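A.B. asks: Quick note, the sequences are listed as chains A and B, same order.
Heads up: the first sequence at position 92 corresponds to 92 in our numbering, and the numbers run straight through without jumps.
The number in our numbering is simply the position in the second sequence, starting from 1, with 115 added.
Note that these hints are calculated values from the structure, not bench results.
A portion of the hints provided could be inaccurate.
Partial selection, computed: residues in chain A whose CB lies under 10 Å from chain B [stated by the list, open to error]:
| no. | residue |
| --- | --- |
| 1 | Pro8 |
| 2 | Leu45 |
| 3 | Gln98 |
Predicted, not measured: the structure shown is a model, and the values here were computed from it.
By construction, the Cβ of each residue, glycine as well, lies at the ideal position given by its N, Cα and C atoms.
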Amino acid sequence: DAGVIQSPRHEVTEMGQEVTLRCKPISGHNSLFWYRQTMMRGLELLIYFNNNVPIDDSGMPEDRFSAKMPNASFSTLKIQPSEPRDSAVYFCASSSGQGARETQYFGPGTRLLVL
Amino acid sequence: AQKVTQAQTEISVVEKEDVTLDCVYETRDTTYYLFWYKQPPSGELVFLIRRNSFDEQNEISGRYSWNFQKSTSSFNFTITASQVVDSAVYFCALSDSYNFNKFYFGSGTKLNVKP
Chain A
1 DAGVIQSPRH EVTEMGQEVT LRCKPISGHN SLFWYRQTMM RGLELLIYFN NNVPIDDSGM
61 PEDRFSAKMP NASFSTLKIQ PSEPRDSAVY FCASSSGQGA RETQYFGPGT RLLVL
Chain B
116 AQKVTQAQTE ISVVEKEDVT LDCVYETRDT TYYLFWYKQP PSGELVFLIR RNSFDEQNEI
176 SGRYSWNFQK STSSFNFTIT ASQVVDSAVY FCALSDSYNF NKFYFGSGTK LNVKP
């Protein structure tokens, strides 16, 4: 079975540009999570969807960040405009069931560098 | 408040040595879940184990074993006869009913296994 798929794997952009990260969860999973990993802050939950509905977006840093899940097999995380401090590895994870009770399976991550 | 502490920032061992990674958690809840993930140098997060608070049996999987002790709020991970391929950052995580929307990750322990 295919795992969580993320694209692109690497992204280099200039400050002020729009960045869109994509995620395809494991088929049949109904929970999807976006995380950001940095050396300073570790792994941070940005947003959690259940059945395509955003349930908890308290971790989204600011209005520059937005996330959507138009259907069960696709989600996007958008940063507009991007800033150098957004440089990080962004992970998407999916699980069956509700919330973080169940095991989350992570994608390979998108390494974002904003110059 | 929920919290996961991995006090060992970095551990270095020689191949074939046994090594234990410590994880201490805090929660006021009686129902909670504990997880371990491995992050090898390639960067992906790999699921290792999930344990619920009602199951205190220790678990063994090949060279890996986990010791869950509710009395000390610990969920330690032991690798027996370590190998170079075990070199990675290992994360312990907690979820509980106060906020089932998220994992509380520890800061991780970097394990270096030298040949």
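A.B. asks: If a hint holds in the structure, say so; if it does not, say that too.
C.D. replies: Tested hints:
no.: 1; hint: Pro8; result: 14 Å, violated
no.: 2; hint: Leu45; result: 5 Å, holds
no.: 3; hint: Gln98; result: 7 Å, holds
The structure fails hint 1 only (numbered hints given earlier).
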